[in-house]
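So you can see what is in the structure, the chains are spelled out below.
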Amino acid sequence: MAEAVFHPPRRKRRVFESYEAPFPVDVGGKDFRLCQAEIINNNVIVRNPEDIEQLYNKGYFGKGILSRSRPVFSISDPLLEAKWRGVNTNMPIITSQKYQRRVQWAKSVLQEQGLDDCSVTKILENYTKPLGLPFSRGDGAEQTGDSCTTGGPKPGNAELSWKSAGSEGAQSPEGQNGRYEGGDAAVGPGSGSREQEQGDSREMAEGSCHRDPPVLCGCEVKQSPEQRAWEGMDSRECAPEYVLVQDEEEGSSCPDDDSIHAQGNLVKKEVLVCRKNPFRIFEYLQLSLEEAFFLVYALGCLSIYYGEEPLSIVKLWEVFSEVKPDFKTTYMAYHYFRGKGWVPKVGLKYGTDLLLYRKGPPFYHASYSVIAELVDDNFEGSLRRPLSWMSLSGLNRTTANASKELMLCYLIRPSDMTAEEMSTPECMKRIKVQELIVTRWVSSRERSEQDEF
Amino acid sequence: GQKDFLPDGSARQAERLRRCCEDQWRLLCEERPERPGNLVKAEWKPEQGIVELKSPAGKFWHTMGFSERGKQCLLPEEALYLLECGSVQLFYRDVPLSIQEAYETLLCQEAMSLSHYQVFSHLKQLGYIVLRFDPSTVPSPYERQLNLESHCKSSGKHHRKRRRSSSPRLHEKKHKVYEDLPEAEGTSSKDGDDYGNSIPMDEKPLSVQPKESDAGSAEGESKPVPLDTGQKDSLSFSSRQAGDQKESSTGTHAPRWDFSTITFPNVASDQPCTHLPSPDNKLLPENVLGREVDAAAWCTRINLKQEKLSRKERKQRERESRYKSSVNADQEVRRCSNWHEYKALMQQRRQQRVWKRPSHLWDQAVTPLLRPEEVTSPAELLQQISVLQPSHILDGASRLQEDPEAMKIDFNVYQADAVSKFKKTNPGKPHVRMCVRSFDEQIPSLRALKQVTYLSGDVPLVFALVDHGEITFYSLKDFKLPVDVNH
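Those protein sequences? They're chains A and B, same order as listed.
Following the numbering used here, the numbering of the first sequence begins with 33 at its first residue and continues without gaps.
Following the numbering used here, the numbering of the second sequence begins with 135 at its first residue and continues without gaps.
Because the hints were derived from the structure by calculation, they are not lab data.
For clarity, every value in this text was computed on a predicted model and none was experimentally measured.
Hints are not guaranteed to be accurate.
Computed list of lysine-lysine pairs in DSS-like fashion (alpha-carbon distance at most 30 Å, straight line) [what the hints assert, rightly or not]:
{"#": "1", "chain 1": "A", "residue 1": "Lys44", "chain 2": "B", "residue 2": "Lys446"}
{"#": "2", "chain 1": "B", "residue 1": "Lys446", "chain 2": "A", "residue 2": "Lys62"}
{"#": "3", "chain 1": "A", "residue 1": "Lys372", "chain 2": "B", "residue 2": "Lys179"}
{"#": "4", "chain 1": "B", "residue 1": "Lys179", "chain 2": "A", "residue 2": "Lys44"}
{"#": "5", "chain 1": "B", "residue 1": "Lys614", "chain 2": "A", "residue 2": "Lys95"}
{"#": "6", "chain 1": "B", "residue 1": "Lys563", "chain 2": "B", "residue 2": "Lys614"}
{"#": "7", "chain 1": "B", "residue 1": "Lys179", "chain 2": "B", "residue 2": "Lys542"}
{"#": "8", "chain 1": "B", "residue 1": "Lys477", "chain 2": "A", "residue 2": "Lys62"}
{"#": "9", "chain 1": "B", "residue 1": "Lys179", "chain 2": "A", "residue 2": "Lys461"}
{"#": "10", "chain 1": "A", "residue 1": "Lys62", "chain 2": "B", "residue 2": "Lys563"}
{"#": "11", "chain 1": "A", "residue 1": "Lys44", "chain 2": "B", "residue 2": "Lys614"}
{"#": "12", "chain 1": "B", "residue 1": "Lys542", "chain 2": "B", "residue 2": "Lys558"}
{"#": "13", "chain 1": "A", "residue 1": "Lys356", "chain 2": "A", "residue 2": "Lys161"}
{"#": "14", "chain 1": "A", "residue 1": "Lys95", "chain 2": "A", "residue 2": "Lys372"}
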């Protein structure tokens, strides 16, 4: 009988990433890093940014909760970014409306904490006032004093190309305003001087770090105490995020302004103003149950906490099986394919259990769409997805349209395997795997392609 | 023009539809003229369930029909098909059967229902030769094993022309190992330097086990690595002088030099040794003078040109530097003055790492599979974590054969191109075998699949699904995902 032919995976045309490593654990165990995750609402979440990077970059584990796959969330509005293209900055650019929404959220949080309206308004006004850049030493609030070891805004925030005089409308001898003007991409007058150092921006961040009430760091208030397990998160989370808000303002009488909405004598301009984001949202990495268990059991490089307590492997096996009744079946398939060096991701979009990628999603298109089933050693079992030929036909069609092959993965368990044995992952040692590929045979094509079959 | 998708109630549409239907009817009603001389007369024999030819068979006899008691006969599906083609005229009780009547009369057996016939007809029209399946004609695995000749011939194209007698075959037919899988570049094989060449490691084929290399690699013993040529020459020179015929450096007589006392001067860039003493005159040829040298001056003049790496190499180094680091950079290692100390250091480190292992994972009944310090390569890492066992579709299949519920195979199908060489009496191995099933049935369980695959022997199996005259074919084939380690 002929076995299915292996078709090598297709490379993606444009690859934007470089490959780091197959797993977050290196051969030889050098630089071993134990990552941490928590169980929140039956989901496994990783919050520490270094852990997130490690787990995603080395093996493509998990998915950013605010992104399509890689955690690359930014509140920046792409349309505005395109519009203000000439401005060289790494700060996100958002609309005034979006910013106000965040102010509202922060306000309601502060109110919930029992502060009276007056204090709330005062705090927020202070926090959200427009900022110049730290070049101006006159701004007391922005002075650095304390040391805060982690930087504030995005680390790459180096190219702030404008200097500021701190307040709106003022034109100091240093020249430029603390904001960008005009609707055109070109930056305001004399912007050639790009001497701003990135050190300053970090100073600014550091300075503000301990000065503002921690309640304004959006993340902290969202979490209940038992969800915060480590210290390491604090400094990052309380450093404010700086954003550029596109505000409209009444025109001043600057002679070299580009006014776009000239209405009689009043001139409305769109300007970008730098402010602190009062409601910062952090993106975390969510691991599927299978991915999480693999990292713990197969590689030993992840610890999963429930509250303050880290869970043992057997406990996790039990807990996950309760959360997802078919967890053992899907996990075994996941483990099998990882053991072959392939990257399995969730197959929800294609109506199956797993999608198999060679190396990782950025490099090759997924090659296989897999359905996993557990059977006994008479090769029968109650199927998770009983398929008629009709449904198989439909599934095969959609899979083929996406240039993937449909695979059935049968996990064969000996009939003498007890429930007790199955209560630990060691039961996998006695389980066999049978892979089948579904192919469509086209009768009219077979004539000339003798060897194909 | 564009298709109409929905009824729009217009008279024009209704007229178009009516005309379409009319044309169809007309086509179907058409009488098909045949030359009476070509029509073969045949009679339906219900007791035997076959059709007997009353006049000599035509060209179809090459691939259809059989002889019984001196008479030429056809199976019901063959007769029906030929009737539809207009090659035979079917009679029953001396009355010619219409096509409709023939369908009703001939397709009453369990073995040949309407769906079976539809599959048969579909394949015949495409030119295939279709015969009924007979389990007794399938050679058993043992017989197949003995019949190496034809076995090899059928898959001969996969074997290399010259068999190397000394090297063992790496793969058996049953548990094929995927070797040397080629990269498919898809449509973009011409994509530039960007990634196509800059990640050279990826172009390497997926490999499983060490492959049997064909290039003339060491068959005999490898020659011992010759010593530094200068010495070798002088060796042979003096050997000749001593009257020794052997030129190999591993002569049978005891070497004249005590190699444990001879050191090679290390003039590497990080070594301070630059002073080379004068060589022993006894070792030099007559006309060559030796002298001592201070190579310091030379050392400053070499390695001046910066090594120019190709883009590929640069990228490779970049990648490697990410997770490889030079052992010389490790200060503690440098402090070790011999192997013993180095090993002690490694041991100490290993132990340190052990405590760092969290107890909730390691002080338990079930611990993580991977011990990273024990593995020295990515392939080994994968091996440590691979605990599930592979299975083949035919494993355990033989004990399932007595099952009366087992699925039956309906047809043997031979390719159209094989027609000229086809012999009814010895048809040979079919191209595929067919199981006719219905669309709303469940797909075969793994058990059923194993049974029927075993039954099919070494011929691939296809399921033919009939849905109101439309036929789709699927097969479920055994597969082994190859291991991917060369990233």
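Tell me if the straight-line CA distance from Lys95/A to Lys372/A falls inside 30 Å. The given pair, whose Cα atoms are some 22 Å apart, holds under the 30 Å limit.
Given the hint that Lys477/B pairs with Lys62/A, test it: the Cα-Cα distance must not exceed 30 Å. 16 Å, holds
Restraint status (C-alpha distance of Lys356/A to Lys161/A at most 30 Å): 48 Å, violated
Pair hint outcome, Lys446/B versus Lys62/A [Cα-Cα no greater than 30 Å]: 26 Å, holds
Check the hint pairing Lys179/B with Lys44/A against an upper bound of 30 Å on the C-alpha distance. Distance of about 63 Å is beyond 30 Å: violated.
Hint check: Lys179/B vs Lys542/B, CA-CA at most 30 Å. Holds or violated? Holds: Lys179/B and Lys542/B sit about 26 Å apart, inside 30 Å.
For Lys179/B and Lys461/A, compute the direct alpha-carbon distance and say whether it is at most 30 Å. Violated - the C-alpha atoms of Lys461/A and Lys179/B are around 60 Å apart, more than 30 Å.
Restraint check for Lys62/A with Lys563/B, where alpha carbons must lie at most 30 Å apart: 57 Å, violated
Given pair status - Lys95/A, Lys614/B, alpha carbons within 30 Å: Holds, at roughly 28 Å.
Take a quick look at whether Lys372/A and Lys179/B sit within 30 Å of each other, Cα to Cα. 60 Å, violated
Distance restraint between Lys542/B and Lys558/B, which requires alpha-carbon spacing of 30 Å or less: Answer holds: Lys542/B to Lys558/B is near 22 Å, not above 30 Å.
Checking one constraint from the list: CA of Lys563/B to CA of Lys614/B, max 30 Å. Satisfied? 25 Å, holds
Consistency with the previously given hints fails for numbers 3, 4, 9, 10 and 13, ordered from lowest to highest.
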